Amino acid sequence: MFEVGQLVRVLPPFGDGAQVHQVVAVQHVSAAGEIVPEPDVGVQYLVAPHPLPEGMTPENAAGALDWVGAVAFAPQWLEAAN
Amino acid sequence: MAITTRDQLIDGLGNRSSRILIDKASLANAVAGQFFSLWRATGVPGQGAIPAAAAICDHTLTGAIGFAQQTAPATSYLAWLRGATANATMAVEIHDRLAHMGGLNGTLATAQTVNVDITGTSNNLANRRGDTNFSDVSWWLEWYGDTGGTSVNATIAVTYDDASTGNIVLTGIGATVRTGRLLPIVSAVAGRFIRSIQSVTLSATTGAAGSFGITATRLRGAFDTWVANKPETADWAWLGLSEIFNSSCLFPLVVCSTTSTGTVRAQGKIAHG
Numbered sequence: 059m060f061e062v063g064q065l066v067r068v069l070p071p072f073g074d075g076a077q078v079h080q081v082v083a084v085q086h087v088s089a090a091g092e093i094v095p096e097p098d099v100g101v102q103y104l105v106a107p108h109p110l111p112e113g114m115t116p117e118n119a120a121g122a123l124d125w126v127g128a129v130a131f132a133p134q135w136l137e138a139a140n
Numbered sequence: 153m154a155i156t157t158r159d160q161l162i163d164g165l166g167n168r169s170s171r172i173l174i175d176k177a178s179l180a181n182a183v184a185g186q187f188f189s190l191w192r193a194t195g196v197p198g199q200g201a202i203p204a205a206a207a208i209c210d211h212t213l214t215g216a217i218g219f220a221q222q223t224a225p226a227t228s229y230l231a232w233l234r235g236a237t238a239n240a241t242m243a244v245e246i247h248d249r250l251a252h253m254g255g256l257n258g259t260l261a262t263a264q265t266v267n268v269d270i271t272g273t274s275n276n277l278a279n280r281r282g283d284t285n286f287s288d289v290s291w292w293l294e295w296y297g298d299t300g301g302t303s304v305n306a307t308i309a310v311t312y313d314d315a316s317t318g319n320i321v322l323t324g325i326g327a328t329v330r331t332g333r334l335l336p337i338v339s340a341v342a343g344r345f346i347r348s349i350q351s352v353t354l355s356a357t358t359g360a361a362g363s364f365g366i367t368a369t370r371l372r373g374a375f376d377t378w379v380a381n382k383p384e385t386a387d388w389a390w391l392g393l394s395e396i397f398n399s400s401c402l403f404p405l406v407v408c409s410t411t412s413t414g415t416v417r418a419q420g421k422i423a424h425g
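These protein sequence lines are chains A and B, in that order.
Heads up, the first sequence is in my numbering, so the first residue is 59 and it goes up one at a time.
Heads up, the second sequence is in my numbering, so the first residue is 153 and it goes up one at a time.
Please note that a few of the clues may not be correct.
A few chain A residues that face chain B, going by a derived Cβ cut-off under 7 Å, partial list only [what the hints assert, rightly or not]:
hint	residue
1	Phe60
2	Pro71
3	Phe72
4	Glu92
5	Val129
6	Ala132
7	Pro133
These are calculated hints, taken from the structure and not from any lab test.
Please read all numbers here as calculations on a predicted model, not as lab measurements.
Glycine included, each C-beta is placed from N, C-alpha and C at the ideal position.
Work out the full structure: start from the sequences and follow the hints.
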């Protein structure tokens, strides 16, 4: 499990397992694969392509996900970078 | 025999041609600057079915533009088109739909089987796919039902022309990809071309299953429009006089200029000779 703000690496085949990314939001997932507001059977993570620039927090980045280019990853494609 | 002279071309256009007709209704929720398939648009030709398992397409499918099949040595060429679009500045392309599959699920973050392979010879595929290194073939992710609002990556497991294998990652597949959208799949290895696709894996759920699949096509001709509802003509030289092989599953796609595909209407001739 990862936390908002945590630095992560994206594993192959989606990433090279080396570059550092940052979790900017957690999404709860239902058994049907829908994104739901409350904790359910699973989670996935919106991950920014790079650590956020100075002055930008995951909280305010989450309001500008298109700008940071965040993409969702299931937990099996991520590992902690710190 | 092949059409190799102007006299043969004129004779084919004037005396031995198949008249073709396109009259496709608009698809909503398009994106400017992106490719959209009209396979599922209603009209003429009729609305193509959403494919299930992988299949090699041919001229008998609903959705294919009909033309008279020829007996060798007679051949067929896309030689004339005249068409109009309800949107200004559209590009309309006629492709041969070589193979397709559908039913991929936007909520799964595990490998989904595709197995679209164009190395075979059924339905005249050996001629239709063009160069033996598969460099004439375009590969697409094609949407048949809207997927969800979360942006994900897709990893596509492919086999190249030299039998080597690899993964192609499409990054940041946007939120709520709509029906008709075509995302190009381009080789990740310089000088290598895709001959088959084995699976697609999404990095996470998009939030909705939708439906999408893999499609392989070969471009056969195109025309452009500049003004809404003003017909433009593309003659044989503009079209490139592409040979239309027996069994070709011809269908239109567009490069959108706005947020719908708009009505697309055209007629044309496939010259035989």
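Inset, instruction - Against the structure, test the hints numbered earlier, and report the numbers of the ones violated in rising order. - result: Result: hints 1, 7 break, sorted rising.
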